[in-house]
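A.B. asks: Residue numbers (the working numbering), protein chains in the order written: chain B, 1 to 467; chain D, 468 to 560.
It should be emphasised that the hints constitute simulated quantities derived from the structure, not laboratory data. Be careful, since some hints might not be right.
Said to hold, decoys possible - To give a feel for the contact side, a few chain B residues facing chain D, derived at Cβ under 10 angstroms:
#, residue
1, V302
2, L332
3, Y336
4, F343
5, A365
6, A373
7, Y413
To be verified - Straight line, CA to CA, 27 angstroms or less: simulated DSS-like cross-link-like pairs of lysine-lysine:
#, chain 1, residue 1, chain 2, residue 2
8, B, K387, B, K280
9, B, K282, B, K387
10, B, K66, B, K84
11, D, K509, B, K263
12, B, K111, B, K60
13, D, K549, B, K93
14, D, K558, B, K268
15, D, K509, B, K84
16, B, K10, B, K387
17, B, K111, B, K66
18, D, K555, B, K93
19, B, K10, B, K61
20, B, K39, B, K436
21, D, K509, B, K93
22, B, K84, D, K549
23, B, K93, D, K476
24, B, K402, B, K36
Glycine is no exception: its CB is placed at the ideal position from the N, C-alpha and C atoms.
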Amino acid sequence: MIELTELTIKKAHDDLVRGRYSVLELAEAYLAEIEKKNKRLNSYLEVFADVREQAQEADKKIKAGKAGILTGIPFAIKDNILIKGRHVGAASKILEGYIAPYDATAVAKLKDAGVIFLGRVNCDEFAMGGSTENSAYGVTRNPHDESRVAGGSSGGSAVAVAADLALAALGSDTGGSVRLPASFCGVVGFKPTYGAVSRSGLIAYGSSLDCIGPIAKTADDAGIIFDCIAGKDSMDATFVELSVTNHSLSTSPKIGIPRSFLKEGIDKEVLDNFNETLGKMKKAGAEIIEVELPTLQYALAVYYIIAPAEASANLARYDGVRFGPRREGDSLMGDYIATRALFGTEVRRRILLGTFVLSSGYYDAYYEKACAARQAIYVDFARVFEKADIIAMPTSSAPAWKIGAKVSPLESYLADIFTVTANLAGIPAVSIPSGKTANGLPLGIQLLAPAGDDRRLLHYANTFSQS
Amino acid sequence: MISREEIQKLALLARIPVTDEEAAGYARDMEEIVRYVAQVQKIPEVTNALEGTEQRREMRADGEPHEGGIYTDALLSAAPEKENGFVKVKKIL
């Protein structure tokens, strides 16, 4: 009997190389949990049929003494990241039956490291949402309270890790989609610097914002995965050089708090927990300083112009010509329109919104202004990082909400208020668990660092997780 | 005010089918969202915008193309309708 709840990548690796159990036994343990829980939680959309074969291959590698730290580690992969020869659908009917013709670069790197792919997991359709309620294949439930959402859009990935249905997972983060579900489910979610991990093989949503990121039990584990998947790739022109490992690590880092942004609209329990967590960080040696980020209040508006604009262009490719199903109309135009009826309501809404902000007469007032405002956000962060090593904020203004509780789209969008800024600024951000509400719902704190400082950020996240 | 007609026009541009009933709902949602995002117009513009904060793009030089046709089968296998190595669609003209 393998104790999955306390397991980390480091510990599993240690156990595997010492022969305490085999990869096959470890994989079987996860398959048994999936069998037991997935029907209710709806994390996996598909469990791969060849998990045992993959495990046997990894066992051979370990026996031959060729095991790396990730060899035999069981992963769940978000349904918008391509694994060659397997179904992938961005949780959308418009990609039903689509089989990936190549590996995402991040997946190819994990394959080389010898990980086990358990299956593909649920998300909001095309990663558009913060609760996984927008999946065409049903909502993913929060293991801490099944009447509540798991967060999103990488809800399936966070639930897989939180409910011991996988030891680690890949998600993607365009406006908080790795960090928000991680905080709702009590696990670690890391969004790297934009461009640090190749986007090749990630189904595009907002190309200037999209990042693949790990969800794991600890910041250490997230770092192990990041080290594997990061790096320059000729398939992605946007690449950022990372700072040298462990450069200028401080034992008393300065943590900047944008206090004036944390006054309104935050759940009291969240704010109390945040302040308590800052107190613990202070005890652990951090210096807490107040910082001003005046553009922060506009970030959500900027995001909900830029992301839909990019989405409306990216999703033009789903027209029933080159991939996915085709619905017949009475002409080529009729085919397009009939096929694109397969998009869900939220995806259609964002395509319409993107089309609106890019259309003549509105472009200058919305899209162009948003791009200028994004520059102001860059400058704002650059100024603050001259004084602070990292910035801390709650990951979400409230814990996981009841399924179906958010009625208007704008209300759902507001849940991203603390997470979208990191995507707009292209900087790394990590959500780590910071405790629970009185009702037992997990809460998270988010730490942000300058672009390229991913490893330093994870180092601090790891230090503070233990305090 | 975003009208139902405007939604239908956007929907046609985006090749998305919207019924009259849906158009009313989308018009209401969009009105609320657009009113919210309009606050971007209030942000003062920065003058030193790009200083040290630009997104870096690394372009590679053209050259060394892969052998023609080596990916054709893999990519074409995903197409809903094809003929003689081409995707097939209804008459364009």
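A.B. asks: With reference to the structure, classify each hint as holding or not holding.
C.D. replies: Right, here's what the structure says about each hint:
1. Because the smallest distance between the Cβ of V302(B) and any Cβ of chain D comes to about 6 angstroms, under 10 angstroms, the interface hint for this residue holds.
2. Taken as an interface hint, L332(B) checks out: its beta carbon lies about 4 angstroms from the nearest beta carbon of chain D, inside 10 angstroms.
3. The beta carbon of Y336(B) comes within 4 angstroms of a beta carbon in chain D, closer than 10 angstroms, and the hint placing it at the interface holds.
4. The interface hint given for F343(B) is met, as the beta carbon of that residue sits about 7 angstroms from the closest beta carbon of chain D, less than 10 angstroms.
5. Interface hint at A365(B): satisfied, since its Cβ lies 6 angstroms from the closest Cβ of chain D, which is below the 10 angstroms cut-off.
6. Residue-level restraint check for A373(B) holds (minimum Cβ-Cβ distance to chain D is 4 angstroms; threshold 10 angstroms).
7. Evaluation of the Y413(B) hint against chain D yields a held restraint, the C-beta minimum of about 7 angstroms falling below 10 angstroms.
8. This hinted pair checks out: K387(B) and K280(B) have alpha carbons roughly 21 angstroms apart, not beyond 27 angstroms.
9. About 17 angstroms separates the Cα atoms of K282(B) and K387(B), which keeps this hinted pair within 27 angstroms; it holds.
10. A threshold of 27 angstroms between alpha carbons decides the hint, and for K66(B) with K84(B) the separation of about 24 angstroms falls inside it, so the pair holds.
11. Our distance criterion of 27 angstroms between C-alpha atoms is met by K509(D) and K263(B), whose separation comes to about 21 angstroms.
12. Taken as a hint, the K111(B) and K60(B) pair is honoured in the structure, with Cα atoms around 15 angstroms apart against an allowance of 27 angstroms.
13. Of the pairs offered as hints, the one joining K549(D) and K93(B) holds, with about 21 angstroms between alpha carbons and a cut-off of 27 angstroms not exceeded.
14. Proximity of K558(D) to K268(B) is assessed by CA-CA distance (about 61 angstroms); at most 27 angstroms being required, the pair is judged violated.
15. Between K509(D) and K84(B), the direct Cα distance comes to roughly 46 angstroms. Violation of the 27 angstroms bound is thereby established for this hinted pair.
16. Between K10(B) and K387(B), the direct Cα distance comes to roughly 34 angstroms. Violation of the 27 angstroms bound is thereby established for this hinted pair.
17. For the suggested pair K111(B) and K66(B), the alpha carbons sit about 14 angstroms apart, so the restraint of at most 27 angstroms is met.
18. Of the pairs offered as hints, the one joining K555(D) and K93(B) holds, with about 21 angstroms between alpha carbons and a cut-off of 27 angstroms not exceeded.
19. Distance check on the hinted pair: K10(B) and K61(B) sit about 17 angstroms apart at the alpha-carbon level, within 27 angstroms; holds.
20. Of the supplied pair hints, the one linking K39(B) and K436(B) holds, its CA atoms being roughly 26 angstroms apart against a limit of 27 angstroms.
21. For the proposed pair K509(D) and K93(B), the alpha carbon gap of about 39 angstroms is over 27 angstroms, so the pair is violated.
22. At most 27 angstroms may separate the alpha-carbon atoms for a hinted pair to count; K84(B) and K549(D) meet this at roughly 21 angstroms.
23. Only pairs whose Cα atoms come within 27 angstroms are accepted, and K93(B) paired with K476(D) is accepted, the gap being roughly 24 angstroms.
24. A threshold of 27 angstroms between alpha carbons decides the hint, and for K402(B) with K36(B) the separation of about 23 angstroms falls inside it, so the pair holds.
Hints 14, 15, 16 and 21, counting from the list given before, are not met by this structure.
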